[in-house]
Amino acid sequence: MQFKEVAAILKEKHGDAIVSQDETRRDPFVVVKPASIVAVARTLRDDPRLRYDHLSLVSAVDYPKEKPPTIEVVYHVDSLSLNHPFVFKVRLPRESPKVPTLLNVWRTSDWHERESWDLMGVEFEGHPNLTRILCAEDWVGHPLRKDYKWPVEYHGVPCGPFAKEGVNIPPDWEQEGFTTRKE
Amino acid sequence: MAPTEIHGDVRTEEFLLNMGPQHPSTHGVLRVVVRTDGELVLEAIPHVGYLHRCFEKCSENSTMKAVVPYTDRMDYLAAMCNNITYSLAAEKLLGWEKLIPRKTTIVRTLLFELQRIASHLMSVGTYGLDVGAITPFLHCFRERERLLEIFEEISGQRLNYSYVYPGGFQYPWPDAINKKIKAFLVYFEDRIKEYNELLSYNGIFVERTSGIGVLPPDMAADYGCTGPMLRGSGVARDLRWDQPYLVYDELKKEGVFQVRYYGDRMPNPADQMVKWELGVKGDCWSRYMVRAGELEQSRRMCLACLAKLEKLTDADKEAGAVSVIKEADKQYLAPKGQEAYFKCENPRGELAYYLVGDGKANAYRVKARAPSFNNLQVLTEISRGAMVADLVAIIGSIDIVLGEVDR
Numbered sequence: 010m011q012f013k014e015v016a017a018i019l020k021e022k023h024g025d026a027i028v029s030q031d032e033t034r035r036d037p038f039v040v041v042k043p044a045s046i047v048a049v050a051r052t053l054r055d056d057p058r059l060r061y062d063h064l065s066l067v068s069a070v071d072y073p074k075e076k077p078p079t080i081e082v083v084y085h086v087d088s089l090s091l092n093h094p095f096v097f098k099v100r101l102p103r104e105s106p107k108v109p110t111l112l113n114v115w116r117t118s119d120w121h122e123r124e125s126w127d128l129m130g131v132e133f134e135g136h137p138n139l140t141r142i143l144c145a146e147d148w149v150g151h152p153l154r155k156d157y158k159w160p161v162e163y164h165g166v167p168c169g170p171f172a173k174e175g176v177n178i179p180p181d182w183e184q185e186g187f188t189t190r191k192e
Numbered sequence: 103m104a105p106t107e108i109h110g111d112v113r114t115e116e117f118l119l120n121m122g123p124q125h126p127s128t129h130g131v132l133r134v135v136v137r138t139d140g141e142l143v144l145e146a147i148p149h150v151g152y153l154h155r156c157f158e159k160c161s162e163n164s165t166m167k168a169v170v171p172y173t174d175r176m177d178y179l180a181a182m183c184n185n186i187t188y189s190l191a192a193e194k195l196l197g198w199e200k201l202i203p204r205k206t207t208i209v210r211t212l213l214f215e216l217q218r219i220a221s222h223l224m225s226v227g228t229y230g231l232d233v234g235a236i237t238p239f240l241h242c243f244r245e246r247e248r249l250l251e252i253f254e255e256i257s258g259q260r261l262n263y264s265y266v267y268p269g270g271f272q273y274p275w276p277d278a279i280n281k282k283i284k285a286f287l288v289y290f291e292d293r294i295k296e297y298n299e300l301l302s303y304n305g306i307f308v309e310r311t312s313g314i315g316v317l318p319p320d321m322a323a324d325y326g327c328t329g330p331m332l333r334g335s336g337v338a339r340d341l342r343w344d345q346p347y348l349v350y351d352e353l354k355k356e357g358v359f360q361v362r363y364y365g366d367r368m369p370n371p372a373d374q375m376v377k378w379e380l381g382v383k384g385d386c387w388s389r390y391m392v393r394a395g396e397l398e399q400s401r402r403m404c405l406a407c408l409a410k411l412e413k414l415t416d417a418d419k420e421a422g423a424v425s426v427i428k429e430a431d432k433q434y435l436a437p438k439g440q441e442a443y444f445k446c447e448n449p450r451g452e453l454a455y456y457l458v459g460d461g462k463a464n465a466y467r468v469k470a471r472a473p474s475f476n477n478l479q480v481l482t483e484i485s486r487g488a489m490v491a492d493l494v495a496i497i498g499s500i501d502i503v504l505g506e507v508d509r
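Those sequence lines, one after another, are chains A and B.
Our numbering applies: residue 10 is where the first sequence begins, and numbers increase by one.
Our numbering applies: residue 103 is where the second sequence begins, and numbers increase by one.
Among the hints, a few may not be true.
[What the hints assert, rightly or not] Ranges of calculated distance between the beta carbons of each label pair, as one might list FRET restraints:
hint	chain 1	residue 1	chain 2	residue 2	range
1	B	K354	A	H93	34 to 40 Å
2	B	E291	A	M10	39 to 45 Å
3	A	R154	B	D292	51 to 57 Å
4	A	K20	B	F117	51 to 57 Å
5	B	A417	A	V28	29 to 35 Å
6	A	P160	B	Q124	54 to 60 Å
7	A	Y157	B	V288	50 to 56 Å
Please keep in mind that the hints were generated in silico from the structure rather than gathered at the bench.
All residues carry an ideal CB built from backbone N, CA and C; glycine is no exception.
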């Protein structure tokens, strides 16, 4: 089934929930309202014409320079029997990114949502165990945000490019006579 | 009054057992917190993240070409597959799909399948080791060594190849290697039978691994399991078959690539491997047998790719001799606002890269969908009620690579 047909089915069932659709991308997608994402996901999974039973990936992308500043959560789904991959997104305000969890639709999203919370700070409402998964439990901040500041140290271990004062601060390479490569 | 003592009950006190992160049978730095009751596993909760190396953050800060060495370190047992998948995703983002010469595509397919053999040899061998069989491990590594030699001659590396780049290869393909690969593949045919005699149909091994860690097909799909995990449960899903990329479409039409497992599609009765009844029960042995069966499947595909390389015209050979296409020599920029998602069938399952461009040489966002990350999630479900000793066999049958889980 082509993207247009899937989008048409979604529009027919959830008219208001579909904010926009974009077919100019390599993988066309629809944007869904955060409040109705669970209903849309259930339609995608249960409709006999769609049968999206495989959630491939949940990823979050940070756009601080957009107006208003946005965090996008992107869901890539696929059907094991019908083979028609599909992409849908939600756009969330960057100050308080909150979206209902899809844990009850696809169990795959358990660890994926924990990862998005850990690295990007997206809050999945209703997730029973929304804790850090890749970073340490007492890590501060969400590293994949574009304005993330490296900590100076972690439990006494200097980290990041500019660690403790006087330690690990790189010199100005050009002044030292090195050539620097610029992209 | 309730009885204070129950006779004939094997239950004892609950005990919390910490397995890993430094445990040889966890295949890396995986920590499993096991709640046991006597010898029974009540709950096994995997804790990951000990090998987190910020792949995604690093990728945002380096050019798209410079990300390739990072992808090696994700799944270090199938580095070539990671290179190829990332390159295909980057080419999709840059719109170069039509520019790639035919020879490059065939060679990539050949490398993909050779890497699959190398990875499955590791998996089959160490799985035997997990459950106490040392000999098959040594036999598997003997053949894997020959493969690593081939890869070393191609790329100069034995494990982290960084050979395939967006647009082509790091070095031109050495044509003299084709003869060597063919000699290995011919020799390899009888070795597969040897593994089957030694391990696959060994009574002790079958007793040890069948009937434990049973994963029902609907649960496998719900948890996002892919690859041998999903096929072991009897779901006919293989991205090479279902959504062909590279030259798998041709291999499918030529009949070299056949689906060899039960599912909603019937297997070809002429095929000798049908009698293996791959992936019916979804237990540890089924998952093991899917991998053992794919050794032969990949061997045939490699031979078909070599035949394709021989049949190429001189013009095609010349076009493919250039290591990188001309577009890549210029400074290439990821198109603004464009995004691409590309998935391949890794030895461990569905590996995918999601790339977002914003008009610079760096991708704005790189996200990897690691198959092991999804396959590991289901461990809690399939190990419930198993014996503690079986937990090692169950973890081994998932075939995780922690470099990929933690990225």
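Against the structure, the hints come out as follows:
1. B:K354 - A:H93: 34 to 40 Å: violated (19 Å)
2. B:E291 - A:M10: 39 to 45 Å: At roughly 42 Å between Cβ atoms, A:M10 and B:E291 fall inside 39 to 45 Å, so the hint holds.
3. A:R154 - B:D292: 51 to 57 Å: With a Cβ separation near 56 Å, A:R154 and B:D292 satisfy 51 to 57 Å, so the hint holds.
4. A:K20 - B:F117: 51 to 57 Å: holds (55 Å)
5. B:A417 - A:V28: 29 to 35 Å: violated (50 Å)
6. A:P160 - B:Q124: 54 to 60 Å: violated (26 Å)
7. A:Y157 - B:V288: 50 to 56 Å: Holds, at about 54 Å.
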